Amino acid sequence: MSGPVLACRGVAKLYGSGLARFVKDGRLAAEPERLAADGVTAAVRDVDLDIVRGETFVIMGLSGSGKSTLVRCLSGLIEPTAGEVLFEGRDLSKIGERELIQIRRQQMGMVFQNFALLPHLTVLGNVAFPLGIQGRPKAERDARAREMITLVGLGGREGRFPRELSGGQQQRVGIARSLAVGPDVWFLDEPFSALDPLIRREMQDEVLRLQGMLKKTIVFITHDFDEAVRLADRVAIMKDGRIEQIGTAEELVLAPATDYVRSFTRDAPRAKILTARSVMRPADGEDYAGHVPAATRIAAFAHDVEASPRPFAVVEDDKVIGTIDRVAMIDVLVGRELKAAR
Amino acid sequence: MSIAAAEPAAPARSIDPAHVFWVLAAVVTAAVVMLPVEALPAWAWKYPAAWQLPFAAWISSFTKWLMDSASFGLFTVRDLTRAISWLLDQPLSLARAVFATGFVLGQGSDAVTVFPAIPWFSMVIAATAAGYAVGGRRLALGMAAGLLYLAVFGQWTSAMVTLASVLVSSVLGSIGGLLIGLACVRWRWLERAVSPFLDIAQTMPVFAYLLPMLILFGFGPVSAMVATVIYALPPMVRVTILAIRAVPEEIEALGRMTGCTRRQITWKMLVPTALPALMVGVNQVIMLSLNVVIIASMIGAGGLGWDVLTALRSLNIGKGLEAGIAITVLAILLDRFAQALALRAGEVEAQATRRRRKTIVSVALAVAAALWLATALLPAIAPYPEAWKLSTAPYWGQLVSWINLTFFSTLEAIRTAVLLNVLVPVKRFMLALPWPWVVFLVTAVGFRFGGWRLALTVGLMAAFPAVVGLWPATMITVYLCGVAVIIAALIGVPIGIVSAGRPRLWRAIEIVIDTLQTLPTFVYLIPIVMLFRVGDFTALIAIVLYAVAPAIRYTAHGVSRIAPELIEAGVMTGCTKRQILTRIRLPLATPEILLGINQTILLALSMLVITALVGTRDLGQETYSALAKADVGRGVVAGIAVAFIGMIADRLVSAAAAGMKARRGQIQ
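First to last, the protein sequences are chains A and B.
Going from the first sequence to the working numbering is simple: count from 1 and add 319.
Going by the working numbering, 227 is the number at position 238 of the second sequence; the sequence numbering is gapless.
By construction, these hints were calculated from the structure, which means they are not laboratory data.
Remember, predicted model here, so these are calculated numbers, not experimental data.
So these bits of chain A aren't anywhere near chain B, every CB distance computed over 12 Å:
hint, residue
1, L368
2, R465
3, R600
Partial pick of chain B residues on the chain A-facing surface, computed with a CB cut under 8 Å:
hint, residue
4, A242
5, T247
6, C249
7, L264
Even glycine gets a Cβ: it sits at the ideal position worked out from N, Cα and C.
Excised from the complex, chain A in its bound form (with noise of 0.2 Å):
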């Protein structure tokens, strides 16, 4: 695998009038304040990141962090202020209009937080449409469509319109559609926020699914910590503009780098969060009940724990690497402090 698939570099995305002068050398020169008090607002700025290949990166912020600023720059909607975004090593803004277009006819594909769905197509028009845009022959498209559709559970209603499906439906319908190509990478901006609770998760399991089968690149967009630590394999969250801290699941509730970031991971489902490694202490010999792989989970085995009064070993390559007991375990779903270094 060679370099990140996406990458900023000093990204930063201001609004307002006479920007130039607060750019010097393709980076962004100027201090908030300074930016303030010329009322210039700064969406995004200094961020650094790279993507890697295969991964289902998540960007979480509160409204207006700059998160969808962010996966704008980075799909090449809009184009950073100051900054460079990298598509395969290539700088985004520096490919020709043309090519740009081939990029993302082939190899993009993006869902919506409203769906974004043409209201005169039908489910199978819809889906079918980036391919129309590529000039495909009808026949073949349709195919395609229809497998989309098929993959995200639609079968059978290809000839409804928008309207007359529900929400959870629309989006399915957004996600065969920006599957449809074939993309490498897939952005998905907020889709489930405009969803109910239960519909949401239902939709999280389906993403889960899909990745499972298809392994793209996924840029995640949330303003949900637990929706961005069930799908992530790592997330950035962000705060007024900036990545506070970008890391696993895991590292942002072992680690968090700011009070800010402490205040999501502090009520996060630790349980199912935390790996076996991060809670044992070190081996001392006694008897185990059992043992646990040392990358697992520890919701996956709490059970067994707790129910026995002897700690467990855990393990890895075969060899006990440390303990882990009934006292760590509450530890963890209390919140208390961890007692155990990394």
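We have chain A already, so just place chain B on it with the hints.
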């Protein structure tokens, strides 16, 4: 000068400075009117002729130069306009041939009909089928009944001439408006450049630009059509801009993410998504076209408008009424058809019904076409048989005579009472105002509502009529329009309040105001002239009837749209129904009501100009008589003066409403 007179009125206790401004303005105005003649220099009472700018003469000589000597080198301006005229004539002639005249070779008495126009029975069948296709059984029935009416009452040929003009103008207006609107969305500078022209085109009376059209394109249907398209196009541009901007930003993002080109985004995504809203614009274009085609009969559009006009001129009330009703029928048919079309654009129906409908419609259309072919072979069957025709004209004449004989004294008493107690005093008051004070007052109000820019704009517009020497006519216009608007508001706002929140009543009222708004302005005059003869009072009633609809509609909308929590909060604090109305609903609905009044003013102005036909002495009369004398400059200047009155009112009221909304954070 007169400020001193007002100072005692300044209240000693502390009240809202806004009130001080208005009280001061009113008191000073009253004082100024009562000033003896010697108190002010003569130029303040009457704008001196020596200071006038001869705009009218300039415009006249410019058009004369333009048409007589201006040249692009290879060809003259006249050649150009005649070429455009020829080009525009093609679709129009085709439509007229299809609907009314048939395809004719040769001229005058040598003319040979090559192929006949659609006979009435084919048209009825085809229109019914079209009605069924877009609006189902009810619309089909309506179409059939309406068209049969036209045939039975002998209005067929005129109606078809009008229909042909309306169809061609609507198509040109809709397409042109759509394209301009799309261009405005794409290039913001274009929108800024086009916007003032749209304002003027909409507020300038139609009469005023019939004349330039006449000069540029000659007497005949083409000039009428160009005038119609210019008048009907602005709303389409506006609707397009709004509708395309209202498409969710995500749709455009989707287009770019799927790699659409700009053209693909526009035509495959934005326009189809915005289609239901765009069809509302098309509906407006059709209705405005009909309205103007009627007026444009004066410069040769022919058709039903011409019938009404000749009937009005010869005071043949019965004939005028029949033609007027025919216009109404046509208007309602077109309106319902266009509405059904707009509704359908956003609708989805099951495949089976779609297929069945398609079969029925195509069979009907085939029958209509076959019958049309048959008339080509057997011309005798084409015309509607004379024996089946009905005319109610004589009865109407008799009815009017009877009413006039029986109720003459009552009607006359009403008329005189209103004239003496309302119209004449207001007219005297307006004419007694010195023009510098009026200009100053308008500027001051502009400053209050919108700062320097607005003050400057409205001030200059207010000074214009004085500078071109039309001050008295302008004041008469303002007085008639003002009285009409006040009456319309006094009638409309209470009706709006009462009908808001009473869906049943509202539906009934909506039918009435929809009909009032669908009727072309001409038609209003007929029954009122029957009862009250010509004059200001007749004009007043016609204006009020025409302009009352938006006052009702906006009030009802504003009052019923208030957030239910606020009403609940009112109920929980123990408000009575009346208190909820006066303390919650009305204050919150005020901006909306103001916008309704704004619309009322604009409609009143456009109707006012039409009432020149019944002998008012205002700017409408100026444009109308300029038309008769082919005096371009005078007509255009008077037209601009009317447009400025409308724009001043529009700017001030919109600014007031926007300020009110902004203060309450209700910005949309």
